Amino acid sequence: MLLPFYWVLKTAVTNENIYAYPPRLLPESPHLFNFVDVWYFIPFPRYLFNSLIVSVLVVASNVIFNAMAAYALTKSFPGKHAMLLVFLSCMLIPFQATIIPAYLITSKLGLLNSYLGLAFPLLSTIVCIFVFKAAFEAVPQSLVDAARIDGLNEWRIILRVLMPLSKAAIATNVVLAFIWSWNAFLWPLIITREPTMQTLPLGLARFLSYMEDTTGALYAFAAMVLAPSIFVFLMAQKEFIRGLTSGATKG
Amino acid sequence: MIPKIGRRGAWWRKKRTRELAIVACFLLPSLAIFFLYRVLPLGWNLLLSVQYWSPLKPPRWAGLDHYQEMLLYDDVFWQSLKNTLIFIGASPIAIALALGIALLLNSDLKSAAVYRSIVFLSYPLMTVAVGIIWRWMYDERGGIINFALRESGVVAKPIPFLQSFEWALPSVIVAEVWQVLGFYMIIILTGLQSIPQHLYEAASIDGAPHWAQFGRITLPMLRPSLFLCAVVGILNSFTSFDLVYIMTNGGPGHATELLITYIYKSGFGQTKFDYAAALTVVQFILLLALTYLANRAAGGNAGSLERQ
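Note that the protein sequences, when read in sequence, are chains A and B. Under the working numbering, the first residue of the first sequence carries the number 1, and numbering increases by one thereafter. Under the working numbering, the first residue of the second sequence carries the number 1, and numbering increases by one thereafter.
Next up, chain B with everything else stripped away, as it sits in the complex (with noise of 0.2 angstroms):
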């Protein structure tokens, strides 16, 4: 008879069960932080916009009430719901421009580093600083595109870009792309840098044209970051409430309204903690839907594709 061979003794004295505890010892204050503050919000915010809340009293179960109210009665919400798809809608125009800049830098050259270096340098600044410059960039009486307008004789009176209706939604806009262009321009060039050379020499010797290249080889082979430069884009109407508050603060009136700044307005504003839950629910569905969507255009699995 052959003996058993193995390890013996207790289980909590096996090699393996002390192995195990440790990883559990070294994941866990990661995930407490995550579970706080990602896990437990996101299922909280979806049970308290079907309550009714209030600071003092227990909450009581109000079923779709808010998201009837929200979509049936409130303006507001669909003016910030039209201002933020158009604040997404932007991204692609903002990516193309990334795309252009990023193809003209794809190179060694050293100038080509320092120009990148600038493209790149607004993205990791004060969010709020960065509005506090623009806000003085687009002033009507000291800012310097109402002087640079006027001295080139484009307009006779200075146009007060961010308290008329129909100029302060470009505005912001144009700020929150100057913003954040560098990042797209970094995630393009990475992404140029992944294709194998080897692919244009084959391309050049076949005879194909430039043009014909950028279509057939750059394109298809960088939908994976354009995938990402559309999720940055998508989560930017969220993440640009810093921008927003700073620079006309959701107006005027609720002209430059966005999801995101009507939800700090009726949570901590006006204390409707429940009503601004829901509203967190409907932008958060929002956002998924575009990724989902963004995901179909670049042809599936570009997340999967690019995690190789």
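Okay, chain A solo, but in the shape it has when bound (with noise of 0.2 angstroms):
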């Protein structure tokens, strides 16, 4: 499972000829210049900049809208199963499945080639709202009537009371938003037309259609783009995991 982990690490590494025969198994002198080259001569760091923009947007959007909607599905109104079914149906719809009207749409809000189009359709996700319904559904109803009676209004109930009691949830909403904008390539490849705008998945793409992988560059480059998710992962894989799992055995 982690050969290849080490066959592009060990490329990225190497400045001889990659085509040679037979190839070394172990790099001989290993440098980083690589990955120098990467962040100077393509505008990784523009890249960069754009797929946190979009990440920060994504995770911020959805810890609040998520946690937003899922203690209005904690309280009982008439018409909340519907409410559930719709979401639970809205769940199997794959997103990819709707590109060609997505990108009308965002066309005809005006957000093609923008941070807010690149975002949009990850603001809120369903898995990482039944999540938090999960947790706000632990918190026992007592504390929440206790806070009520000294006068708690509904902002400060969620920020004072539910949130604090909920810190899994949070961290399983921003590892997943984080993942998911990181990685999305399908979404930006349709809506951003300029380099300028363009994320990182993106650039590598780019970057393997300029060079067709005649560089160890290209390799410094897809593991740089491959660390932070590897980081998040390793860091919070408990969250993830759960998250995941969760989501998935709701729908």
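Just so you know, these hints were derived from the structure itself, not from any lab. Where hints are given, some of them may not hold.
Unchecked claim - Only part of the chain A face toward chain B is listed, based on derived beta-carbon distances under 10 angstroms:
id, residue
1, L32
2, F35
3, V36
4, T196
5, L200
6, A205
7, Q237
Just so we're clear, the structure is a prediction, and the values are computed from it rather than from any experiment. For every residue, glycine included, the Cβ atom is placed at its ideal position computed from N, Cα and C.
Two independent chains are provided; combine them into the complex using the hints.
In structure tokens, the structure reads:
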């Protein structure tokens, strides 16, 4: 399972002819020049900046909107059952199945080539709403009632009572939203036309078409792009897996 | 006479009304996003598929023309449909593999946890980068797979995996399985851990051998998890766009063309949005039909069972 990681890292730190046969299993005189090249010779910082902006937008709005929606879903209201059904069936619509109208809608909204347009479809995700809902339902009702008697309004109840008790759910939201926006490829590919708005996956694909895997720099690029998601995954593995499985089993 | 007791005052001042207003406000942002990017596109997509669409002119009614063209005259459509079915058809093998791994790793040992992380590690990675890694692994001259095959004497000449008509699709499928295997495994592990232990104890007391315990307890209890894996496998035919786009871009010829890459090409490559919409409808129907079949195979209401 780990072999591909090794092979790409090995190629990223070598400068020898990578087509030499037989390929060396260990890198000879490893160095980091390829990484420096990537940073300076392609607009890597620009891609990184774009990716970070979109990720921050997505993560922040996911935490806020999902918590709000989940709080509403813990209350009883007419049509709640139907609402839950709508959410669950929306989950079965793969985003890729809607790209063409989604593109038209985004262009009607005038959001092509913009950060908001890049982030829009991911601003709230159903899986994460259910993660929050489960966490809020685990908070004892008496605590919420006590807070209400103390005169806290709905916003305060979410912020002061429910959120501090749902740290794991927040972590799950942050991790999943980050991974989804960081890795998104098809959507940015469709709606960005200018290189200055492109995110890292697009930059990587562009670089591939220029270089046609003749250089270690390509693999250095790949390694640099993979590093954050590997880091986030290793840091928050438990939250990540719980989010995926709870979301998955709910649908 | 008993005086009527009840909350008085205008309806907008009632506590209940205020509560409902809050619920509505809190749901609004998420609902707006789902409506704009899930529900509305689905309907619009259907509408587009029966229209002649062009960027500047107003759309005209087309009836089933696009479907007719697709089904009768479009060889690429049939090729990509076949490839998509092969792609989906490979997922039971991957699920069986994941089941094996999950059974091996279903213990509280520290080392099992480490292996679990390693198997799962590939799932959250950026698919574009994964595609580049696998391209390099399959490379004719510098790739480690050809190197291993040649060194062990299996083949005399290197195989150009991604450039050959026979090998390209299986090669892409292997890369796809590598990435999604960990997710299957996690779903199955969660299912395994929810099986009550006393079932096995009772079976052991009754003298049931291990294989019978597996067939009579483990597999039936895992049905919802396996159904879920199957759904993920079916959905992957949509989500594997990134991998195919990077590794082969549908080539050589159309040997690895999936419906989703073909949709992208006709929609955004040739600006035939209407035709691409018709293709999307076909793929969506395929997805629903296969999900329904998987649900039947898993014993009817697998989804609702899981929700308990």
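Hint-by-hint comparison with the structure:
| no. | hint | in the structure |
| --- | --- | --- |
| 1 | L32 | violated (18 angstroms) |
| 2 | F35 | violated (15 angstroms) |
| 3 | V36 | violated (19 angstroms) |
| 4 | T196 | violated (19 angstroms) |
| 5 | L200 | holds (8 angstroms) |
| 6 | A205 | holds (6 angstroms) |
| 7 | Q237 | holds (6 angstroms) |
In summary, the numbered hints that this structure violates are 1, 2, 3, 4.
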